[in-house]
Structures are given as C-alpha cells and as structure tokens.
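K.L.:
Listed below are the residues making up each chain.
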Amino acid sequence: MINQNSKILLEIRGLHATINNVEVLKGIDLTIKSGEIHAIMGINGSGKSTLAKVLAGHSAYEVTAGNVLFEGKDLFELAPEERARAGIFLAFQYPIEIPGVANNQFLRLAYNTVQSERGKEELDPLEFDDFVREKMKLLEMNPDFLDRSVNEGFSGGEKKRNEILQMALLEPRISILDETDSGLDIDALRVVANGVNQITNADNATLLVTHYQRLLDYIVPDFVHVMEAGRIIKTGGKELALELETRGYDWVSKENNILAGAAS
Amino acid sequence: MNGAVRDDYLSHLLQSWHKPSSSTLPWLNQLRTEAVDCVSTLRVPTAKDEEWRFTNIASLTKLPFQEAHNTSEFSPTDIEHFYLPEATTRLVFVDGQYAPQLSNNTNEDDVIAGNLSTLANSHSAQISLHLGQHTDFRNNVFAALNTTFLKDSAVVIIPRNTTTNAPIHLLFIATQQEVTNYPRCLLIAEPNSQAVIIEDYVALHNLIYVTNSVTEVSLANNAHINHIRIQRDSDKAFHIADCSVSQERSSHYQSMNVALGANISRLSLNIHLEDEGAECTVDGLALIKGQQLADTHTFINHAKPNGTSRQLHKCIVGGEAHAVFNGRIMVRPNAQSTDSTQSNRNLLLTNKAQVNTKPQLEIFADDVKCAHGATVGQLDNEEIFYLRSRGFPEIDARNLLTYAFGAEIINRVPVASLKKQLEQTVLKHTQSTAL
Chain E
1 MINQNSKILL
11 EIRGLHATIN
21 NVEVLKGIDL
31 TIKSGEIHAI
41 MGINGSGKST
51 LAKVLAGHSA
61 YEVTAGNVLF
71 EGKDLFELAP
81 EERARAGIFL
91 AFQYPIEIPG
101 VANNQFLRLA
111 YNTVQSERGK
121 EELDPLEFDD
131 FVREKMKLLE
141 MNPDFLDRSV
151 NEGFSGGEKK
161 RNEILQMALL
171 EPRISILDET
181 DSGLDIDALR
191 VVANGVNQIT
201 NADNATLLVT
211 HYQRLLDYIV
221 PDFVHVMEAG
231 RIIKTGGKEL
241 ALELETRGYD
251 WVSKENNILA
261 GAAS
Chain A
1 MNGAVRDDYL
11 SHLLQSWHKP
21 SSSTLPWLNQ
31 LRTEAVDCVS
41 TLRVPTAKDE
51 EWRFTNIASL
61 TKLPFQEAHN
71 TSEFSPTDIE
81 HFYLPEATTR
91 LVFVDGQYAP
101 QLSNNTNEDD
111 VIAGNLSTLA
121 NSHSAQISLH
131 LGQHTDFRNN
141 VFAALNTTFL
151 KDSAVVIIPR
161 NTTTNAPIHL
171 LFIATQQEVT
181 NYPRCLLIAE
191 PNSQAVIIED
201 YVALHNLIYV
211 TNSVTEVSLA
221 NNAHINHIRI
231 QRDSDKAFHI
241 ADCSVSQERS
251 SHYQSMNVAL
261 GANISRLSLN
271 IHLEDEGAEC
281 TVDGLALIKG
291 QQLADTHTFI
301 NHAKPNGTSR
311 QLHKCIVGGE
321 AHAVFNGRIM
331 VRPNAQSTDS
341 TQSNRNLLLT
351 NKAQVNTKPQ
361 LEIFADDVKC
371 AHGATVGQLD
381 NEEIFYLRSR
391 GFPEIDARNL
401 LTYAFGAEII
411 NRVPVASLKK
421 QLEQTVLKHT
431 QSTAL
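Protein sequence lines correspond, in order, to chains E and A.
Be aware that the first sequence starts at 1, since it is given in this note's numbering, and climbs by one per residue.
Be aware that the second sequence starts at 1, since it is given in this note's numbering, and climbs by one per residue.
One or more of the hints may lead you astray.
[Stated by the list, open to error] Label pairs and their calculated CB-CB ranges:
hint, chain 1, residue 1, chain 2, residue 2, range
1, E, Glu127, A, Leu129, 52 to 62 angstroms
2, A, Lys420, E, Glu82, 28 to 38 angstroms
3, A, Glu394, E, Phe131, 21 to 31 angstroms
4, A, Ala365, E, Gly156, 33 to 43 angstroms
5, A, Gln378, E, Ile2, 38 to 48 angstroms
6, A, Thr77, E, Pro143, 34 to 44 angstroms
7, E, Lys137, A, Glu320, 49 to 59 angstroms
8, E, Arg118, A, Gly290, 33 to 43 angstroms
9, E, Asn201, A, Gly290, 48 to 58 angstroms
10, A, Glu394, E, Gly237, 36 to 46 angstroms
11, A, Gln378, E, Glu152, 14 to 24 angstroms
12, E, Pro99, A, Gln15, 45 to 55 angstroms
13, A, Arg412, E, Gly72, 45 to 55 angstroms
14, A, Leu14, E, Pro99, 42 to 52 angstroms
[As the list claims (entries may be wrong)] Just a sample of chain A residues kept apart from chain E, beta carbon distances all over 12 angstroms, derived:
hint, residue
15, Arg32
16, Thr71
17, His123
18, Ser124
19, Arg160
20, Thr163
21, Asn192
22, Gln336
23, Gly373
24, Val376
25, Gln431
Because the hints were derived from the structure by calculation, they are not lab data.
Computed from a predicted model, the values in this text were never measured in an experiment.
Glycine included, each C-beta is placed from N, C-alpha and C at the ideal position.
Work the whole structure out from these sequences, hints included.
P.N.:
Okay, structure coming up:
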C-alpha cells in the first residue's frame, strides 16, 4: 500500500553492476518505502534477476557505480549474511538442494541466526517444531517436508513454498521474490501468493521480479517497473502490468526510444 | 624398494611366529602353516605395483612391530563411550586379543557369537568351512600375515531363519604403541538369516601402531547382512584391511565403510556375487585431513545372472590429505541381466588436498545395465551463497555443506547411537578440516 508518510526502506541510486566484465545493470534508480509492493517486469536478459542477486550480495556480480541505502545504511558494506540478518530476503528462482541437511535443521539454524542478531530468543528443536508447523499452514505444506533434506527431490512448487516458508520465518523488512511464479501451476501459484499476502504488512516491503502478469492477479503491486537492457524504462501502477499482458513489451521499448530521442 | 628392506620387514615380523602346538585343531594349524609359507613367497607391495600406485607404504615397512604381549592397564570406564546401547551382543578385542571381561552377550536372539578359541571346538565343521576360505591370502601378503598370526577372532554365526533384533558390535581397541594387531572377523549368515553387524576400530590414545585386519563374510541363500565398518584408528596408526565377502543366491549384503583415522589406511573390499539374484549395496565415506591417506579398493564380482550392485563412495579431503578410490566392477560372461551402478564423489577442501579416483568396469556379458561416474570438486559457490543469504556466516555455510556431503552416507547408518557418534565426529572434523 502506498502511504506518503511511510519511511524509505531501500534507496537505489545510479546502480551499475557487471558480471565477468559485462555490464548488466546500467543505472538503476528505485525507491521502496515500507508497506509497498513493487513489481519488476521485463524480457529475459533485461537484468531483473541480476538486480535481485546484487541486492542480496551474490559475489559473482561486481558493483561498479552507484549506491544502495537500506534503512539509511550502505548496503554494500554488508556481507550477504549480514544483509539477511538486517532484514533483506531473496526468494531464489532456483532454490538450492542440500542433500544431507534436514529441512527442519536448516530452517531452525537460519531462524535462530536471525533471531539472535535481533536480540530475540532462539528456539530449541521442540519449540521450533511447533512454530514452523504453524507457519507451514500458511503455505498448505505437508509437515513431512521438515524431515526431508533441504529442497532435495522437491517439485518446483514445493521448492517455492519452502522459499516463502523461509520468508515467513525470517520476517524480513524487504523481500525480493525472484520469479517465484515460474514453474508453478495455478493452484500452487494461488497458495504461494496467499502466503506472501499474509506476510506483507505496513512495515515491510516486497519486490517481485516476474515475467508474467498472472502473479500480479494475486499479489497486487503498488508500482510496476519495466526493465530493459539494465535500466528501468517505465514505471506505472498495477494497470501497467495488464497493458504489458495484452500489448507485450515492444511498445514500451519504442516509447522509451522516442522519449530518449526527444531528450537528446 | 630393494629386496633387503622387504625381506627385513617380513622376517622381523615372522620372528615371533611359533609353530602352533599340536593340541590345537589340525585344520587351524594347517591354515596357519600354509599362511606362513605364503608370506615367504610373497613380498610387500610398492608404488610400482599397479594396485598400490598411489599408496606408498614404505614408511610402514620400517616399523616391524611385534604383537602386543603385555596387557595394558585401563579402566573399563575409559572405553564405555565406545559402547552402543542398542547392541546386546558385544565382542571386545584389546590390541588384537579377546577381552571376555569387556564383552557382553545378553541377546535373546539365537546368534552364536564369541572368540575363535571357544567356538572352533563347538562349531569346528562350520568354521573350518569358511575361515581362510574367502580371503585371498595366497596372493595378499597382509592377509597372509594376519592368517599366520591367527589366534583370536570374532566369530558370528546367524543361524538359519534367524532375524536378530539388536545389532552386533565387534569392537577392536588399540591401547598400546609400537605393536602390530591382527584383528580377525568371521561372519557366517545361514540361509534366510538377517543381522546388523558393526565392526569398529578405535584407539585409546593417539599412538603409532599397525592394524592388519582380515574380515570374511559368508551369506547363504536369502541371507541379509548389514555390515558397518568404522575405522577410527589413531591418526598416527597404519590400518591395512582386507574384507572378503561371498554371496549365495538372492542374498543381500549391505556394506558401509567409514574411514576417519589412521595416517595411512588401505581397505580392500572384495565382494563376490557367486549365485543368481545376489544383491549388494556398498557405501563408503573417507573423511581425512592433515597428512592422512585413505585408500579404498573395492572389487565387486558379478559371477552369475540377475545380480545387483549399488555403490556410492565419498571422500572429503582437507589439509594436505590424500584419498584414493579404485572401484573395480567385473561382470562375468555368465552374469546376464546384471544391474550395477557406481558413483564416486570427492570433495576437496583445500588446494593441497588430493584425490586419485579410478572406476573400472569390466563387462563380459552383453545384457547388462551398468552406470558409473566420478566427480571431484570443491564446495559449490551457489550453495554457499544460498546459505549466506539465509544468515549463515560463510564459515558456517562451508561447514554445513561439508557436513551434508558426508551426512548423505552417515544418515544410512541404521543404529541411532552410532549414527549420532559419527555425526558428531563429522561435525567436529568439518570444523577443522582446513588444518
């Protein structure tokens, strides 16, 4: 929800980033306030997922210019784990499988790490078990998934539910969902979106990275940004996503070229 | 290696050998005498031998330690932490010698378990049929040495149609330095029997000694044996082991080998699927660091049709340690419809860690399903990033992933207390593997 008085959580200014010396982000400006839901859309290779990974601190990307303030602090001063504990959460497009580590053990370790950073009480295995089972209901997840290895042998939909379960447990200030809708059938999409909607509130914010409008039927964005070639070329409200759905991306690109031409 | 050194080593070892007294069983005497003759015709392998290319045991040949003769002083409480509460049958051997006062047999199953000297008389026919018959001591100098000095041996017989409820724990404790121990096990599973047997090598101190062990396993028709072998000898010890298994029709041999200790260890595991429909599962984990070397040589011999083998061997190598895996799978011309998979996965934790892996498939039948593969790698950066993005410090992420790599094997241990012990060992190990 948009509220002029809510405070700024994330402020991205002139962000450039490269991978293997190829520039993928070419000047991103974006401000996200608490309570807001932003969607970033765009064709493959436009830099959407890169933005998500750079914000989470993936070491393969090098930030070459610009800055990002998270609650007023320089984000790039923080290691990935420090960002996570400070309240940045990335739901992975392809969650990693970790055979040999039980999901409940992984979830509890992650939860306790973040809790202790925030000066809150850690939970022992029994306490955590009650707590996590309650959260799993949000995502209509079978408790059997606690005893299995992290993401191992999970279907695409199960992996995505497990990501959102982590989001529910870690209670981030800002959640970045990288193509969480990909590989989900319509029922799973509804469940996952429902879970996200129950987690979002006036104090946190969500950045959805997606190809398709259909996720936005369930998680309604306040802002829709279109990315192309490493830049945000258009920003609008939720109706922009619908327009993209019917008209595709070409017209935005052309419109942007005309604007760019007029400006020069 | 020159001949003088080699002969010195073997002749030093044989110094303490005495012709067995005539009061013992003739077949046992004959076996020992044949073994000592074999030692005199064999030589200690060197790195020039293909089978020992990567495992240089020259340092071992400088240590012709004798058997332990003194009994060592320790309190039973020193070793209690090695006991497994689930195991109602426990045979304990201290420096190779049977320790009846530490052993325990409260099982309500009909298992026959004890030391060779007792059972050789009461079960002579059965034991003589198997003892020394499965291991190829005629071509293996270490197995020949073990047989030469054969006196005490764990003997376990699972009678026909018997399913044991509790695991059987064979515990070999090293307490003295500068000795050679010759542990020996004979496991006989009669038709339709079923058991979990743990063969466990531990040390009370971090001392130099040599373990030269031989284990023979016989599975009759439809027998099902889960054999877990844990090598946690002292980091300074040498551990040379031969485990030879013969499988009859439709038997299932489930094997797990975990190598944690020893400066140099070598396990030769030979599994012969001698009749139709036999099945084996062979899991292995070598977890080493510092200057350790762990060599696992396995040979799975499909001799008859419709056999199945499943092998997963993993190595986690830290420090300047060196792991060797040689996995040979033979499918004989007669062994049609064999289904065999083998996978060797290696995790190198440092730049100086080393692994030599050699999967060897030799297929002489045309209707078979065989797959094998080996990987050598480091921890995956995407996995590390995933964990860090969930708040794990980088070092914890690395440790957890290393632990997980080993846990895939450890999780298959069917005895809860042992599984827990091993989990703790792996955790402790992974937190210091960079050393």
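K.L.:
If I take the minimum Cβ distance from histidine 123 of chain A to any residue of chain E, is it greater than 12 angstroms?
P.N.:
holds, 42 angstroms
K.L.:
If I claimed the Cβ atoms of glutamate 127 of chain E and leucine 129 of chain A lie 52 to 62 angstroms apart, would that claim hold in this structure?
P.N.:
holds, 58 angstroms
K.L.:
Closest CB-CB distance from arginine 32 of chain A to chain E, is it above 12 angstroms?
P.N.:
At roughly 45 angstroms from the nearest Cβ of chain E, arginine 32 of chain A sits farther out than 12 angstroms, so the non-interface label holds.
K.L.:
Run the C-beta distances from threonine 163 of chain A to all of chain E and say if the shortest one exceeds 12 angstroms.
P.N.:
Consistent with the label, threonine 163 of chain A stays out of reach of chain E, its closest Cβ about 27 angstroms off (over 12 angstroms).
K.L.:
Once the closest CB in chain E is found, is it more than 12 angstroms from glutamine 431 of chain A?
P.N.:
Holds, since 14 angstroms exceeds 12 angstroms.
K.L.:
Was serine 124 of chain A rightly flagged as not at the interface, with every chain E Cβ beyond 12 angstroms?
P.N.:
Nearest chain E Cβ is 46 angstroms from serine 124 of chain A, so the label holds.
K.L.:
Honestly, do proline 99 of chain E and glutamine 15 of chain A meet the 45 to 55 angstroms range at C-beta?
P.N.:
holds, 51 angstroms
K.L.:
Run the C-beta distances from arginine 160 of chain A to all of chain E and say if the shortest one exceeds 12 angstroms.
P.N.:
Non-interface label on arginine 160 of chain A holds, nearest chain E Cβ at 37 angstroms vs cutoff 12 angstroms.
K.L.:
Could you check the hint for me, namely that glutamine 378 of chain A and glutamate 152 of chain E are 14 to 24 angstroms apart, CB to CB?
P.N.:
20 angstroms Cβ-Cβ, so the 14 to 24 angstroms window holds.
K.L.:
Are glutamate 394 of chain A and phenylalanine 131 of chain E spaced within 21 to 31 angstroms by their CB atoms?
P.N.:
holds, 27 angstroms
K.L.:
Measuring from beta carbon to beta carbon, are alanine 365 of chain A and glycine 156 of chain E in 33 to 43 angstroms?
P.N.:
Roughly 40 angstroms apart at Cβ, these two residues keep to the hinted range, so it holds.
K.L.:
Taking the shortest Cβ-to-Cβ distance between glutamine 336 of chain A and chain E, state whether it exceeds 12 angstroms.
P.N.:
holds, 32 angstroms
In this structure, none of the earlier numbered hints is contradicted; all agree with it.
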